[in-house]
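Trainee: Position chain B relative to chain A; hints supplied.
Protein sequences, first through last, are from chains A and B. For the first sequence, position 458 matches number 458 in the numbering used here, and the numbering has no gaps at all. Just remember that the numbering used here sits 552 ahead of the position in the second sequence, which is counted from 1.
Read the hints as simulated data drawn from the structure, not as lab findings. Hints are not guaranteed to be accurate.
Cβ pair distances, simulated, as ranges [to be verified]: (1) B:R614 with A:H173: 36 to 44 Å; (2) B:V863 with A:K549: 54 to 62 Å; (3) B:W735 with A:A407: 53 to 61 Å; (4) A:G502 with B:G621: 52 to 60 Å; (5) A:D131 with B:A561: 48 to 56 Å; (6) A:K51 with B:E709: 36 to 44 Å; (7) B:R580 with A:P125: 20 to 28 Å.
Because the structure is a prediction, the values reported are computed rather than measured. Beta carbons: idealized from backbone N, C-alpha and C, even for Gly.
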Amino acid sequence: MIKGLLALVAVSALLLTTHGDATAQKAAGTPLLSGPLAKLDIKPAQIEKAKGKPQGTLTVGMHFALDPGWLDPLEHITAVTMQMYDYFVHDALIKGMPNGEFVYGLAEQAELAADFRQAAFRLRPGLKFHDGHPLTTTDVKWTYENFKGAYTKLFKDKLEHIQVVDDRTIVFHFKEPFVEFMDLYNGSVTGIGWIVPKHYYEKVGRDGFKARPIGAGPYKLVSQEAGVQMTFEANEDYWRRVPATQTIVVKGIRDLAARMAGLQTGELDLAFGMTGKLLPRLMADKNLRWDPNFTGPWWLMFPGYNEPDSPFRDKRVRQAVSLAINRQFLVKQETQDIGKAWGNWIGPENRDALKGDKDAPVPEYNVEKAKQLLAQAGFPNGVEFEWYVAFPPYFDMGERILTDLRAVGIRGKVQVLEGPAFRAKIGQGRKGYPSNKTIVQNIDPRSGGAKANLGVYAVCGSPSSFVCEPQIEALWTKHQASVDPLERERLVKAIQRALLDGYHFIPIYLNPFVHAVGPRVLPDGEGFHRYWDTLHAPYPWPWEVWEVKANR
Amino acid sequence: MRKYILVRAFYSVITLWLLVSIVFAMVRLTGDPVKMKGEVGADATYLQRIRHDWGLDQPVYRQYANYIGNLLRGDFGHSFEKSLPVRTIYFERLPNSLKLGFAAFVISIVLGVPLGMLSALKVNSWWDNVGKMIALLGLSMPGFFVGMVLMIIFGIELGWLPVLGKGSSTFAWSNPSTWVPFWFRDWPHLVLPAFALGWYFSGAMLRITRSGMLDVLGSDYIKLVRLKGVPERMVVAKHALKNSMIPVLTFAGLNLLIMVNVAVVIEVIFNWPGVGQLLYDGLSNRDFPMVQGVVLMSGLMIVVLNFTIDVLYGYVDPRIRLSR
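Okay, chain A solo, but in the shape it has when bound (with noise of 0.2 Å):
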């Protein structure tokens, strides 16, 4: 519910008007840069009092194998995993918290000119490193030269030059118009903003820093073995506040009956990706609890449908498959009636995206009109197509979608991928599968508002793209070129729309990713829901405001 509220308030969210704002500025301090400004809706940090010394432990078991190199921000990856380290180690200027989208971190002050050719910030005072180096503005703008993660090609392109003005002030300089610099700069999406320390880099080097990395954030790693486990300790210097668990031990546990198994002998505290056989037990065990944590929707794509020979060519099959799933069932089934039936493929947090219960409603469930639909586009007795490439490990899912997909005659067999092989396909977009007679199944809970998620998957020059269709293409390019959010923001809904309409996507239901937790984790009884409250956090971030039960 809180997160519902809070998607609203972030619908009407980040850049509103080209105006300057004068009281804002005000409000914030001494002005940064001169002329007009583009509104910012950035929240205050919560800056809490100190209730104590950090106490107990909390295991946390994950879902795969633990990477070093979720460490290092400097090569991060788009995906949302390793934010969930970023929220331990280190700090960003401004990133998403439970009370906002975009909350000031490092940065008490930040102002963006209103052509978007300049961003500047202001440090707090006083920060440091958990080696108690301070950090400054040298380290902003070294993180920023030496970024090498999966967006560096846009920042590089896009940036003048950076000027340091002093130890807490800092501009940006763009060669032209950057309307997304804060999007992509808030600590999510893309990990540039997470400020790595430039003498200690500097000093281990690559290896050294994805071994024993430090950051100013509120966790100090203090050992790791590579791909088991990580130990954090409480940072009690932290600037906003002092973390509530003194030590957080995340363990790598790829098996889901070994997680359950460890919540239920109280060797876990917290563990994720519950959602699946092993549902009913979880939500059975009355010393567990569990949060829903709703992330994206479930979607259908058809690789290559504009092809000839592709039997998903004409709209009518691609409507028909939407027409034949069944999707009260499938929540109930896959998770007992935790899930919602959806009508948009992109999720409700992100921000101009439409709602699935509300804007674009849940699509009808109809076999006899799919029927008709698939005579009518010259099938009148089915159609055959190759794969269904069901997400890993959701084979069950991907066979029960068959299943009803079979009741209107389209048929087809499930293809069954490693996830890593999945990921290594679908980031090809429709390239990565050479049948144009394939239905691929996909989820993707990607910040940086609904635009993130058509740039990737529904527009031509992506290398992800599963769809290409000029009027989409002509939608984006005029987005593009505009800087006027609310004109952007109209684009992208009506990019959502002709897609919904042209049946590119299917939507299915909404999952519920869901995490438990043990009798050890506080509050007890339901307060404990309050760790999901952040916005586009697939994980329960920020780690500092875990409580446990203090060590027997």
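Mentor: Leaving out everything else, chain B in the frame of chain A:
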């Protein structure tokens, strides 16, 4: 003898070279690891940087030359997936695998050998039937099933034993003070995975001990000893046991290597941080350096074991070294 050892050593080196070369080629047939790392939406420049960092932008022959050159310097390369040197990660995990492997090995011997002997000595009796039943269960109940059952009974229901991981003890090569305590701490963590792993091998051990013992007990020299009136206890202990143990020990040695290197399923179920999981992760993520490194080290262990056995055979039986 010296020439014999040198020839065996040469063969061992050739075997290892063939192994690393075949694995080098095979992993490259599994696909492009850069695409796996790339994630959805990653642009071509980013992918190209990763390809360059991993050395995959070079021709294969140059990749091979670099790989062999680095191996000769003891450098196994950098893990694509875990971002650190393979050697560091492997040797961090190896003590855990050795600990689990040795414990499972002991369980397989303690269960399998005495029961196998008993079956052979009381052949076709009630004892033999029990032994055969245990061997059948050992071989037919997969480790993951035994592991899950043990986990539910002793971990969840009774709450006697932990079910996840190896505990807090760590073997640090750089810290000698951890070398001894590591083997003797956190035994409760070891019990369930070691039993689940050793259980399968105990069935196999029981079968091979039983058949070895039966062969020996039916041999002419045992008949002669019995005709001489030697007490049955002495026949078994002094004459039959030693000879029947030769195939058992050879088999046990190989079992130990398997338990140390490829206990993947048990490691996954109990979240035991061994080298088996490394290999599995490496294969699923197209982590070429990791797969190459783990296979090389497993191969090295087998080659060294075989070399040692060959040398010992040659030492104890001159006919072997003279015939080669």
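Trainee: Among all the numbered hints in the text so far, which are the ones the structure does not match?
Mentor: 7
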